[in-house]
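Protein chains in written order, with our numbering: chain A, 1 to 285; chain B, 1 to 256.
Quick caveat, the hints were computed from the structure, so don't treat them as lab data.
Check the hints yourself; a few may be wrong.
To be verified - With the C-beta cut set under 7 Å, the calculated list includes, among others, these residues of chain B facing chain A:
id	residue
1	Leu51
2	Met83
3	Gly106
4	Met114
As the list claims (entries may be wrong) - Derived EDC-like pairs: lysine to aspartate or glutamate, alpha-carbon spacing no greater than 20 Å straight-line:
id	chain 1	residue 1	chain 2	residue 2
5	B	Lys5	B	Asp55
6	B	Lys165	B	Glu58
7	B	Lys108	A	Asp188
8	B	Lys132	B	Asp121
9	A	Lys196	B	Glu122
10	B	Lys165	B	Asp186
Quick reminder that beta carbons are idealized off the backbone N, C-alpha and C, glycines included.
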Amino acid sequence: MIKPDNPVTLPTQAPTGPHFSIPLRFRDRRRVTILLTLMVLSVITLSTLPLMMPTDFKLSEAVVSFLENIKIMFLQPSLTNTSFMSLLIALGQSILLAFLTTLIGSVIAFFFALASTRRLAPTALILGIQSFMAVIRAIPTVLWVLIYSVVFGLGANAAVIGITFHSVAYLTKVYADSMDELSPDIIDTMQAMGLKKGAIIRQAVIPYLIPSYLSWTFIRFEINFADAIAVGAAAGAGGIGYQLFMSSSFYFNFHEVGVMVYLIMAFAIVLEVISYRLRMMTNSH
Amino acid sequence: MLTVKHLAKSYDGEKKSLTDVSFSVRPGEVTVIIGPSGAGKTTILRSINQLIRDDDGEILFDSTDMRQLNRSQLRRARTRIGMIFQNYNLIEPLTAIENVLHGCLGTKSNLAGMFSIYSADEKQEALKLLEKVGLRDFAYQQCRNLSGGQEQRVGIARALMQHPKIILCDEPIASLDPKSTITVMDILRNLATAEGISVLINLHQVDIARHYADHVIGINNGQVVFDDATSALTDVAVTNIYRKDANQEGSLMYEL
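In isolation and in its complexed conformation, chain A is listed as follows (with noise of 0.2 Å):
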C-alpha cells in the first residue's frame, strides 16, 4: 500500500468564513427610480382618500344599500319588460360586432405587420407604420366610434369602422413582434436559395406564425367583445350593451340587469374553453 506524502485531514467542521451578504443585483438607477415612483404613489394615495369621501356619506348605509343591489343582480334576476329571446338576440348581436371587426381588422392587420417587421421591411416603412399605429392604439377605442359617430351617426356603422380601425393598429403591433421573433437565419436561408418575397412569407414567415397569429387574433376578439358590449352603451350601437345601458340607467331594473349579466358571463367562460382548446391545438403540433 502506498501512502500519500501528506495524508489528508479532513475538517471536522464545516468551515466559517466572514459573513458577506452578496446582492444579486447592482443597485442600478431604474431600481431605485421605480422604488421612488412607488413611493411617491403610495403617498399621494393615502393622502387623498380621505379627501375624496363626501361630507353627507353615511358609509352602512351606503354598503347596505349596495349589498342589497348586488343581491337584487345576482341571486333574483329575472325579466320583466324584456323577452330572453331578445335578449339572446342582442347578445348575438355584440357576438357579430366582436366577430366582424375582429375578422377584418385581422386581415388588415396582417398585411400591415408584414410592412412593418425589422425581417422583411425597409427601416423608414417600419417606423412610419408603428408610430402611426401606435398613435392610434393609444386613443382607446369607445373614443375612436365617438370620433366616428361624428362622420356616419351614432349606431353600428360607426361602432364596426371605429373598433376595428383600434383592432388593425393592436393586431399589426403584434403580429409585427410575432415576425420580428422569427430567426433572421430562416429568411436569409430561402433567400440563399432564390426564393421570392411572396414565397418567403408564405413558405417560411406564415408556418411560424400561425399559433401566435391564432392566440392574439382570439384575444382580440375577447377585447372586441367587451368593447361591443361598452359601445352599445356609448354609442348606441345595439346589441346586449344598449339593453344593460337601458335596465340599468333608465329603468333602475335590477333585476333585468342580473339576467344580463349572468348573460354575458355565461359566453366569457365559452371563450375561454374555445381559447384553451385552440392553444392547446397549435401547440401540439
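Given chain A, work out where chain B should sit, using these hints.
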C-alpha cells in the same frame, strides 16, 4: 467552377475580417476550409452567395462575378448554389417533403410559391431525394419531430432539389453526434464523387477534413495560409493554420 480573388471584408470599417482571400473550387471535389474560430470562414462562405456583402474582390461563379449582379440576377444565380447550415434552418412546422420542395421554388413563379403549387415531377423528385438521404419514410413528418442528423439530411435533400452546381456547407456537422456526422459527410462526399457537384465545407474537425477532403484551404486571421491537396496537410501545416498571432492574443478570452 468557382474562383474567389482578393476578397476583402470588414464589418466595422476598421478591423479587417478578411484580407485578400483568393482560392478556387473545382467541380466534383470536396474542398474544406479549416481555421480557428473568428478566422473568417463563415464570412467567406456567405460572401460567395452574397448573403454577406463583401467590400472588395471578385467572386467568379460560372465565370460571372457574383458581386456585379443586380438583385434579380443575383436571385437567379443563387438558385444554382445550394447551402446547408449548422442549425439546418428548416421550416420546422412543415413536413420534410415540403421543406425539400422549397429547393425548387427559386426557379418558379411567386404565385407557385404563395400557393405551394408543385408539378407531379417535382414531387416525385423530392421523394426520390428523400429516399437518397434515407428518409423516405419520414417524408410526411414535421421537421420539428426529426433528430438533428435527420434534419441535416433533409437540408441536403433541399439543397439537391435546387440542382446545384456547388453546395456550400457552413459547419454542417458542428451540432451532430459522431454517427450522424459520418452519415452526413458520406452523403456530401458521394455527391462530389458520383454527381460532380462541388462541395465547399467549413469545418472545425481536422481529422474529418483529412478523411473527406480533396483539397484543403487553411484560413487564419482573414488570410489564406494553406491551399493545397489534402495529402499536403501535415501536422506542421495544421499547427501553422491554428497558430495565434501576436495581435490576436487580445481576443483569446472571447474565443474560449
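Looking back at the numbered hints, which does the structure fail to meet, lowest number first? none
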